[in-house]
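Enquirer: Chain residues, written in single-letter form:
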Amino acid sequence: MIDDARLDPEAVGEHVDWRAATESELRAGFAQGDEACLQEVFRRSAPLIYTIAYRALGSSTDGEEITQEVFVSAWRARANYRAEKGSLSGWLIGIARHRIADRQRARGRDLRLVQAVTKQTDVQVQPEALPTLIDRIVLTDEIGRLPHPRGRILQLAFWEGRTYPQIAEQLDLPLGTVKSHARRALLHLRTRLAEVTS
Amino acid sequence: MTHLDPDRLADRALGNDDPLTAAEEKHLDSCAGCRDELAQLSRIAELSRHPEELAQVPADAIWRSIQGQIASQAPAPARTEVAAKPPPSPPTVTELPRRTPRPRSWLLAAAAAVVGLIIGVGVTTVAVRDQVEVTSSTALEALPGQTGQGTAELVRDQGRPELRVQINAPLTPDRYREVWLINTDGQRMYPLGVLPDDGRATYPLPPALAGQLQGFTIVDVSIEPYDGNPAHSRESQVRGTLPT
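Going down the list, the protein sequences come from chains A and B.
Heads up: the first sequence begins at 1 in the working numbering, then just goes up one per residue.
Heads up: the second sequence begins at 199 in the working numbering, then just goes up one per residue.
By construction, these hints were calculated from the structure, which means they are not laboratory data.
A hint or two may mislead.
Said to hold, decoys possible - From the structure, some residues in chain B lie toward chain A, with a derived Cβ separation under 10 Å:
1. Gly-231
2. Arg-233
3. Arg-247
4. Ser-263
5. Ile-268
6. Val-330
7. Ala-340
8. Gly-343
9. Val-353
To be verified - Label-pair ranges, simulated between beta-carbon atoms:
10. B/Asp-383 <-> A/Ser-60: 42 to 50 Å
11. B/Ala-406 <-> A/Thr-191: 39 to 47 Å
12. A/Arg-76 <-> B/Ala-221: 54 to 62 Å
By construction, the Cβ of each residue, glycine as well, lies at the ideal position given by its N, Cα and C atoms.
Please work from the sequences and hints to get the whole structure.
Expert: Structural data, given as structure tokens:
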């Protein structure tokens, strides 16, 4: 995270409008145990956590349960959260990863039981590895947060398969500018991904 | 040659058409660090081409259940319902203070203690009946979201310190109640024992508490699940503070 300024917890106080809070203010407020701050953390990160759990387990019910568990256990363990060590979303994703793995293991047991009972030994299709899935979801989220025109350039290049000359023409930008944005955006994604999933 | 410029590696990972110079290619061949960097950037570029749209999260429902869970977590010895600011939705109890409470929390704690002192019934009333001396007592009041009331009396039965508790409050069959003495510092508590379903019991106190209670003046009755977990369930039903 670029901004690792540590706020005086007193300065954060109880009058902060958390919706406008920076990441580092949120970290401080969270560590300090402000429930209104937790709500804002939830507002910002729940879509990411839910999508990861939902896609990994293929069930909206599991997605909801995992999301709930992640925020409750993060709240209970907030004394262990070290703001200077990493982003909140990274910490939440770490908790989610464990919970999802637990459920996948439990399901594996269920499946083996069923197979043992039915003598059915068909190899199931190997689902996408969890770390790759998480990276893809985080990257999609981050690309969506990139400022204009950087985000649009990446969407056109990555998601719509346009060439840089096509993008330059469509957005009415010099080709060099388009390439430079794409390059900067890729390096930014790399930094964010390292913060969130390391 | 120095390491390759990240911009150049990004270009390469993106498949941009500016080819690396011979010197750059040569460095890449011999430098594991730059190759690793390039591999990471290439992987990110590749993964980014396969977006995974964020799903619509039923946020309100999930947030409500999170709130329900964290609200029923901690007894609030130091920040009682009289001192805390009005909660957005009625939690059953408020939070245990953090390990290093802010001054504000201590103010609230002090305020709570004062209020406790005022609402405490029968300040140092001494009644003698059958050699049982009531040294102090307090009304037990329902916490937000709970119903019920009762009394707690600190007595000396032939010199032995005891706590008499009597409450009238509903209980479902899948739960039992336990009585606790909580310190006003909000950090420490003693379990005194199970409260029978009729809501009446007398508990001997640990000898060291016999005199001034050592700050363990908050009488707390919790509702406990049959989970074999000896810790406080964080769901308090009624509570009061003994005057000292």
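Enquirer: What hints, given by number in increasing order, does this structure fail?
Expert: The structure breaks hints 1, 2, 6, 7, 8, 9, 11; every other hint is satisfied.
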